[in-house]
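Protein chains in written order, with my numbering: chain Z, 1 to 49; chain X, 50 to 264.
Worth flagging that the hints you see were computed from the coordinates, not collected in a lab.
The structure presented is a predicted model; accordingly, all values stated were derived computationally and were not measured.
Check the hints yourself; a few may be wrong.
DEER-style ranges, computed between Cβ atoms [stated by the list, open to error]: (1) X:F178 with Z:A24: 35 to 41 Å; (2) X:P72 with Z:N23: 22 to 28 Å; (3) X:L76 with Z:F42: 23 to 29 Å; (4) Z:H10 with X:E195: 18 to 24 Å; (5) X:V237 with Z:S2: 37 to 43 Å; (6) Z:F42 with X:M219: 32 to 38 Å; (7) Z:F42 with X:F191: 17 to 23 Å; (8) Z:N23 with X:G230: 23 to 29 Å; (9) X:T68 with Z:H13: 56 to 62 Å; (10) Z:Y11 with X:F150: 25 to 31 Å; (11) X:I235 with Z:F42: 39 to 45 Å; (12) Z:L40 with X:F223: 26 to 32 Å; (13) X:G157 with Z:M30: 44 to 50 Å; (14) X:V234 with Z:V21: 55 to 61 Å.
A few chain Z residues that face chain X, going by a derived Cβ cut-off under 10 Å, partial list only [what the hints assert, rightly or not]: (15) P8; (16) W15; (17) I19.
In silico negatives: residues of chain Z with every beta carbon more than 10 Å from chain X [to be verified]: (18) N4; (19) S7; (20) G9; (21) H10; (22) H13; (23) W14; (24) Q18; (25) V29; (26) L36.
C-beta atoms are modelled at their ideal positions from N, C-alpha and C, and glycine is treated no differently.
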Amino acid sequence: MSVNLNSPGHYLHWWVVQISVANAVVIAVMLTLFVLALVLPFPKGRSHR
Amino acid sequence: MTTATHAPTWTGRLRDRATKSFPPDQLLPDKQPIYVASWIYVFGVATIAALLVVLASGTLLAIQGPQWWHRSSTGHYVNSLHLWSVELFMAFMVIHLWGKFWMAAWRGKRAMTWVTGTLCFLGSIGAAFTGYLVQSNFDSQFISTEAKDGLNSFGIGSRFNVMDFGQMLMWHIFLLPLVVGLIVVIHVLQVRRRGVVPPFEIHPVDLPIDDEARV
């Protein structure tokens, strides 16, 4: 499987903000991970006294 | 546990200071406060794990050289491993930063932990950018010629020349990894010394002993 990178990148443009789709996706994934880390329950460890 | 002996030699004084600042059970703890049982506390160690992969894959690239990482399939794989472990390293570090920022993790004499974390972040950006410059392909040529104008505009081009491949390679594979590695060690030692910052609403003195126990 290969991805053809020999073409212009895809960009989002809003007002003075311009960001590549790839970077926007990475930031969205990071924000999702951050929120999930706050809300998902953490597995219980071994119980101690 | 050794007690301070007021040794007359510098090695003895250093030992006394080290054991006082980092008692073994604090340096390598086997339990943590109950509030550490959250996924948000995982991103610090995930960052370190990614850094180890970055260092290991970078070491392989240094041993084998550019012809290998450009022309062989194994070289392509290790090159990609180096790239993607850096992507994970930076992503985990930034999520760790977000979590610690909203916890105000500099509370309780933890300012140096915060400062060393910031320095690590800045050093990592330098390491990543010099990495772009030493790919030895057209991408690195384009980036270096764009970057030189920005750096020359505030006058450091004569000392830090992004078009000097040899200089950038040394910064990328020796100076910056050394600095980032040392800062990470100091950062982790600071965490071990002061402990993980507690949540805002919890004051250790208010907790019953059982609740404060462990994960």
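We went through each hint and held it up to the structure:
Distance hint for F178 of chain X and A24 of chain Z: a CB-CB separation of about 21 Å, inconsistent with the stated range 35 to 41 Å. The given range of 22 to 28 Å is broken by P72 of chain X and N23 of chain Z, whose C-beta atoms sit roughly 45 Å from each other. Range check, L76 of chain X to F42 of chain Z: Cβ separation about 24 Å, and the 23 to 29 Å hint holds. At roughly 20 Å, the beta carbons of H10 of chain Z and E195 of chain X sit within the given window of 18 to 24 Å.
A C-beta distance of roughly 39 Å is found between V237 of chain X and S2 of chain Z, which places it inside the suggested range of 37 to 43 Å. At about 43 Å, the CB distance of F42 of chain Z to M219 of chain X disagrees with the hint of 32 to 38 Å. Taking the beta carbon of each, F42 of chain Z and F191 of chain X are about 45 Å apart, not inside 17 to 23 Å as hinted. Taking 23 to 29 Å as the suggested C-beta distance range, the pair N23 of chain Z and G230 of chain X conforms, at roughly 27 Å.
Our hint of 56 to 62 Å for T68 of chain X and H13 of chain Z holds, since their Cβ atoms are close to 59 Å apart. In this structure, Y11 of chain Z and F150 of chain X meet the distance hint of 25 to 31 Å, their C-beta atoms being roughly 29 Å apart. The supplied range of 39 to 45 Å is broken by I235 of chain X and F42 of chain Z, whose beta-carbon atoms lie about 28 Å from each other. Range check, L40 of chain Z to F223 of chain X: about 40 Å between beta-carbon atoms, so the 26 to 32 Å window is missed.
Between G157 of chain X and M30 of chain Z the C-beta distance comes to about 27 Å, which lies outside the given range of 44 to 50 Å. Distance hint check: the CB atoms of V234 of chain X and V21 of chain Z are about 38 Å apart, inconsistent with the given range 55 to 61 Å. Below 10 Å, beta-carbon pairs count as interface contacts, and P8 of chain Z has none with chain X, the closest being about 14 Å; its hint is therefore violated. With a cut of 10 Å, the hint placing W15 of chain Z at the interface with chain X is violated, because the nearest CB-to-CB distance is about 23 Å.
For the restraint placing I19 of chain Z at the interface with chain X, the shortest Cβ-Cβ distance is roughly 15 Å, beyond the 10 Å limit, so the hint is violated. Listed as outside the interface, N4 of chain Z is consistent with that label: its C-beta sits roughly 16 Å from the nearest C-beta of chain X, beyond the 10 Å cut-off. Annotated as non-interface, S7 of chain Z keeps its C-beta farther than 10 Å from every C-beta of chain X; the closest such distance is 15 Å. A cut-off of 10 Å between C-beta atoms confirms that G9 of chain Z is not in contact with chain X; the least separation is 12 Å.
Residue-level check passed: H10 of chain Z sits 18 Å from the nearest beta carbon of chain X, beyond 10 Å. The claim that H13 of chain Z is not at the interface with chain X holds, since no C-beta of that chain comes within 10 Å of its own (minimum 20 Å). Annotated as non-interface, W14 of chain Z keeps its C-beta farther than 10 Å from every C-beta of chain X; the closest such distance is 22 Å. Here Q18 of chain Z stays apart from chain X, with its beta-carbon at least about 16 Å from theirs, past the 10 Å limit.
Consistency note on V29 of chain Z: stated as away from chain X, yet its beta-carbon is not over 10 Å from all of that chain's, at 8 Å minimum. Distance check on L36 of chain Z: its Cβ comes as close as 7 Å (rounded) to a Cβ of chain X, failing to clear the 10 Å threshold; non-interface status is violated.
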